Amino acid sequence: MTAPAWLDVLNETLDACAAHGRADLAERLRRRRDQRAPGTRIAVVGFPKQGKGYLLNALLNAPVCAVGDASTPAVPTEIGYAADPAAILVGHARENVPVGDLAKELEVRPPGSLRRVEVGLPRELLGTGLVLVDTPAIGDPRSPRTAATLDVLADAHAVILVSDATQELQPAELALARHIRTWCPALVLALTKIDVSPDWRELAARNRAALSETGVVADVFPVSATVRQAAAKAGDAALNGRSGFPELLNWVGEQAARPIERTRALAAAVSVRAAAVELVETLQTRLNAVSQDNGVDQVTLLHQAQRRTEELRRQNVRWQNMLSDEITDLISDAEYDLRERTRVIVRHVDRTFDEGDPVQIWPDFQTWLEENLAEAVETNYNWVSDRSEWIAQAVASTFGPHYGHAPELPLTGSGVDSIPEVGTPKIERFKIGQKLFTGLRGSYGGVLMFGLVTSLAGLPLINPVSLGAGVAFATKSVRDEGGMRLQRRQALAKAAAQRHVDDVFIRFSKEIKDEVRQVQRRLRDHFAALSDQLSEELTRQRELIIAGSAERDRRTQRVKKEIDRLAALHRKAGALGATARDIRELSA
Amino acid sequence: MTTLDVRELLNEAAAHYRDRPHAVAMLRECLERLDEPLRVGFIGTPGTGKSTLVSALAEWPTRALREIDLFDTPAFAEHVDATVRLVRHLEPDELAGTRSVGGSAFARQTAVNSVLVLGRADEVGAGRIDALLTAKQLARRAWREDPDCAGFQGVIAVAGQLGYAGRALRDDEFEVLRALASISRPELERYLLSVDSFVDDPFPVRVSPESRRHLVSRFGLYGVRLAITLIRTGCDSRLKLSAELVHRSGLGDLRDTLAGCFVARAEALKARTAVLRLEGLLAAEPLPHGDRLAARVERFAAAAHDFRELRLIAGIRGGRTALSGEDAEEAVRLLGAQGLAPTERLGLEPDADPAEIHAGAESALVRWRHEAERADAAHAERAAARVIVRSAEGLLSLFVA
Chain A
1 MTAPAWLDVL
11 NETLDACAAH
21 GRADLAERLR
31 RRRDQRAPGT
41 RIAVVGFPKQ
51 GKGYLLNALL
61 NAPVCAVGDA
71 STPAVPTEIG
81 YAADPAAILV
91 GHARENVPVG
101 DLAKELEVRP
111 PGSLRRVEVG
121 LPRELLGTGL
131 VLVDTPAIGD
141 PRSPRTAATL
151 DVLADAHAVI
161 LVSDATQELQ
171 PAELALARHI
181 RTWCPALVLA
191 LTKIDVSPDW
201 RELAARNRAA
211 LSETGVVADV
221 FPVSATVRQA
231 AAKAGDAALN
241 GRSGFPELLN
251 WVGEQAARPI
261 ERTRALAAAV
271 SVRAAAVELV
281 ETLQTRLNAV
291 SQDNGVDQVT
301 LLHQAQRRTE
311 ELRRQNVRWQ
321 NMLSDEITDL
331 ISDAEYDLRE
341 RTRVIVRHVD
351 RTFDEGDPVQ
361 IWPDFQTWLE
371 ENLAEAVETN
381 YNWVSDRSEW
391 IAQAVASTFG
401 PHYGHAPELP
411 LTGSGVDSIP
421 EVGTPKIERF
431 KIGQKLFTGL
441 RGSYGGVLMF
451 GLVTSLAGLP
461 LINPVSLGAG
471 VAFATKSVRD
481 EGGMRLQRRQ
491 ALAKAAAQRH
501 VDDVFIRFSK
511 EIKDEVRQVQ
521 RRLRDHFAAL
531 SDQLSEELTR
541 QRELIIAGSA
551 ERDRRTQRVK
561 KEIDRLAALH
571 RKAGALGATA
581 RDIRELSA
Chain B
1 MTTLDVRELL
11 NEAAAHYRDR
21 PHAVAMLREC
31 LERLDEPLRV
41 GFIGTPGTGK
51 STLVSALAEW
61 PTRALREIDL
71 FDTPAFAEHV
81 DATVRLVRHL
91 EPDELAGTRS
101 VGGSAFARQT
111 AVNSVLVLGR
121 ADEVGAGRID
131 ALLTAKQLAR
141 RAWREDPDCA
151 GFQGVIAVAG
161 QLGYAGRALR
171 DDEFEVLRAL
181 ASISRPELER
191 YLLSVDSFVD
201 DPFPVRVSPE
211 SRRHLVSRFG
221 LYGVRLAITL
231 IRTGCDSRLK
241 LSAELVHRSG
251 LGDLRDTLAG
261 CFVARAEALK
271 ARTAVLRLEG
281 LLAAEPLPHG
291 DRLAARVERF
301 AAAAHDFREL
311 RLIAGIRGGR
321 TALSGEDAEE
331 AVRLLGAQGL
341 APTERLGLEP
351 DADPAEIHAG
361 AESALVRWRH
371 EAERADAAHA
381 ERAAARVIVR
391 SAEGLLSLFV
401 A
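The listed protein sequences derive, respectively, from chains A and B.
Each step along the first sequence adds one to the number in this note's numbering, with nothing skipped, and position 24 is 24.
Each step along the second sequence adds one to the number in this note's numbering, with nothing skipped, and position 53 is 53.
It is worth saying that the hints were derived from the structure and are not from the lab.
Quantities reported herein were computed from a predicted structural model and do not represent experimental measurements.
Heads up, a few of these hints could be off.
Unchecked claim - To give a feel for the contact side, a few chain A residues facing chain B, derived at Cβ under 10 angstroms:
| id | residue |
| --- | --- |
| 1 | Ala137 |
| 2 | Gly139 |
| 3 | Thr166 |
| 4 | Gln167 |
| 5 | Glu168 |
| 6 | Trp200 |
| 7 | Val227 |
| 8 | Ala234 |
| 9 | Gly235 |
| 10 | Asp236 |
| 11 | Asp337 |
| 12 | Glu340 |
| 13 | Arg343 |
| 14 | Val344 |
| 15 | Val346 |
Even glycine gets a Cβ: it sits at the ideal position worked out from N, Cα and C.
Work the whole structure out from these sequences, hints included.
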């Protein structure tokens, strides 16, 4: 068996839908293609309380559907032929229930546990494989009931839209009719409850007008289920004629009599056309969007890019000057700062050794000096580090807020740990032996001097006076000698301390200068790279803008070609539908 | 808080807003509205039978509705004091649209000004003869069970067309109906099958097609069926039939609800509208020292016992409290569902002497105070009892002066 002609067209459209990201349309077409049901499917749809259930029961002359005050079921009911009446609830499993108990059974099922209900009835009408599908009432567009109904429509070959004669067609009903007619080859409006409406004829006329105004091709069949029921009970054919059902049944029979292949071709044709139209709309919107960024906008973009380039050039000069100025300042400031801090220390050292004896205070002093030097160096270092950060920020800010992140500037550390230990100066203590010797030297002069003077008075050289003077001289010379030694020690300690401070200063001022230069280099590298990157981006952008228009033209061409192809598919589908209809008309 | 306080509040607001003419004009209008009849708006999608219902109620020479103005589809919802909302079916989708959302805390707290009407109740159940009973049951069930209906003071099934036609039943119409009722039931049945059969077919009795058409356009086919059945079962005069049709149509229920919930509380509802509009003004054009006014608005909500009574009446009648049977009857009576006069609240004869009223009020107070303090009752029950206690106290306070 060769594949039917419509299959190719449908497949091609399906591919196009998938290619243009309309999975929803593709899914609908796929369902049309893969349908394997043996017969025509007619869906009965409508808003709540319009008499769908009554209509179906009257069509089939059987109480199949729930009617009246009970709320209509939330799942579709498929009614097909079966030699013996049967009802199957299809959920996770299939469950047989008596047809008579169907409404009761449905009421006790928890919502969501069923997918559909299948009913089989021994009716001649259904003999050709016709399946009537009762759908949940359409309502809130977000409700699962509405979704279930719209889902049924995707498989339906024909639709009976039910609306009652107590009210004109509502805008929502017209919109629904339009939607159905777009996707389904056959649609009729069943105007129910005409038995209680005195002016149903005018209403039917108004509904016909409203439908054709909306662009929907659909017959209107006014019917009354009550009258048909009464006619059936009384066996009154004339009354049955009044119920309006014979015409509706005629139409249903016509749908069912058409060979399924032709019905499917028709449905496929309509679906392809609907999908093609929707797809073209999508593409057209895309095309319009493309052409909108064309033209004026592009020139503006180019101008913008030009402006940005010039700005970037100015920026380059600005940030370089700023960086070198700031770094020079920082170096001199940092050196001055360190000098200042060490000078304070040196002044303190001088004061300390003007009074103190190095012998006694040196160990304490040494600790103090080391701590203070470390602190000075560290403070200076931190300060330099802060200033570097600030410089980085300042330079970054010249690039504008988008690039305001400065690079990390990890200084190599203040190196305080590596401050050399203060060398202990050679401090001579005035030892007892030396004191004794100095005392003897002094006492010798004194004894001799006073002994000579007193010997003139006839006293011996060694007498109490000369001895006293000796003692006095000895004491003085020991004190003098001690003072001199102290001064020498103090001078020594001072010199040692100062030399140490000087060493530290020289060493660290050099280190800090190096650090700052490092910072300078790092910042220079970073911002130079950033500047390069920006200018590169701009260049690329400009290239894109220039190349973009060419690309856009190409794309536009492609979309236009695609639209043409879809239009051809649409035409082809139309031809398919027409042949199918012709065949039907010929065979009818 | 009384109407007097609301006047004072509005006057004070007008003084604050004296430099803004439109605000002053609005407040003046609010003040004038307080002296006018209560405004009740009928709201609903087209085809729910608003106009029929409005005309059925408006031309009714009944004392209960004399004090109100009815508006068919008011232009501004906020310019009516109470609303009657009509729906065709009690379907979830339709009910979802009726729920009023938002509004200020005050508006929500005092939202006791709306009644839901299942219009065209005669269409329920495909025009079976018990359609109205079914519709009433549906309405009652929806009011009890459907959370979408909980905010209404009542859910009432009404066949507006039938009620209207029944109330204005003319002698000639009654004669035609009686002539039809004289035909035997099996014979008439086929003529009552549809409007077409009723109007077009040759009839066994001499009733002109014009008068048949007139009858069906006035009563509807269901109405004609019901009227004929009623005549057969004993409504043998125009007045009897008229009364029975009005009773069955639910129009009477609607009238009673309007009278009990809206007309009796007209002062409170009008004050509510005024306060709501003042609140809107305060929100739209804040005053530098508007806090005090806003605080008084809040106090109005807190102090207005009428609203609490109305809400509790709706709760008890809608079956959302633990009260039932005689207790529920007594409670709604004390809350003023059958009239605000002390005798009406206490279920006494209108000419009862003060001593009797005092005694009645006292015993009610004792009884419900006991209920309010029962340790084994749920919190909601005790809260409800406290509202009733407060109503009883109000009765007793009349004797203080």
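Would the hint on A:Glu168 stand, with a C-beta cut-off of 10 angstroms toward chain B? Cβ of A:Glu168 sits 8 angstroms from chain B, so the hint holds.
Cut-off 10 angstroms, beta-carbon criterion: hint that A:Trp200 touches chain B: With Cβ-Cβ at 8 angstroms, under 10 angstroms, it holds.
Would you settle whether the hint for A:Arg343 is holds or violated, based on the nearest Cβ-Cβ distance to chain B being less than 10 angstroms? With a closest approach of 64 angstroms, the A:Arg343 hint is violated.
Under 10 angstroms is the threshold here; is the Cβ of A:Val227 close enough to any Cβ of chain B for the hint to stand? holds (5 angstroms)
Cut-off 10 angstroms, beta-carbon criterion: hint that A:Ala137 touches chain B: holds (8 angstroms)
Proposed interface contact between A:Glu340 and chain B, which counts if any beta carbon pair is under 10 angstroms: violated (59 angstroms)
Restraint outcome when A:Asp236 is required to lie within 10 angstroms of chain B by C-beta distance: Nearest chain B Cβ about 8 angstroms off; hint holds.
Given A:Thr166 as an interface hint, is its Cβ closer than 10 angstroms to any Cβ of chain B? Result: holds, 6 angstroms to nearest chain B Cβ.
Does the nearest C-beta of chain B fall within a distance shorter than 10 angstroms of the C-beta of A:Val344? violated (61 angstroms)
Given hint A:Gln167 near chain B, where the shortest CB pair must fall under 10 angstroms: Given a least distance of 5 angstroms, the restraint on A:Gln167 holds.
Minimum beta-carbon distance criterion (10 angstroms), A:Gly139 to chain B: holds (4 angstroms)
Restraint outcome when A:Asp337 is required to lie within 10 angstroms of chain B by C-beta distance: The hint is violated - A:Asp337 has no Cβ within 10 angstroms of chain B, the shortest such distance being about 57 angstroms.
Hints 9, 11, 12, 13, 14, 15 from the earlier list are contradicted by this structure; the remaining hints agree with it.
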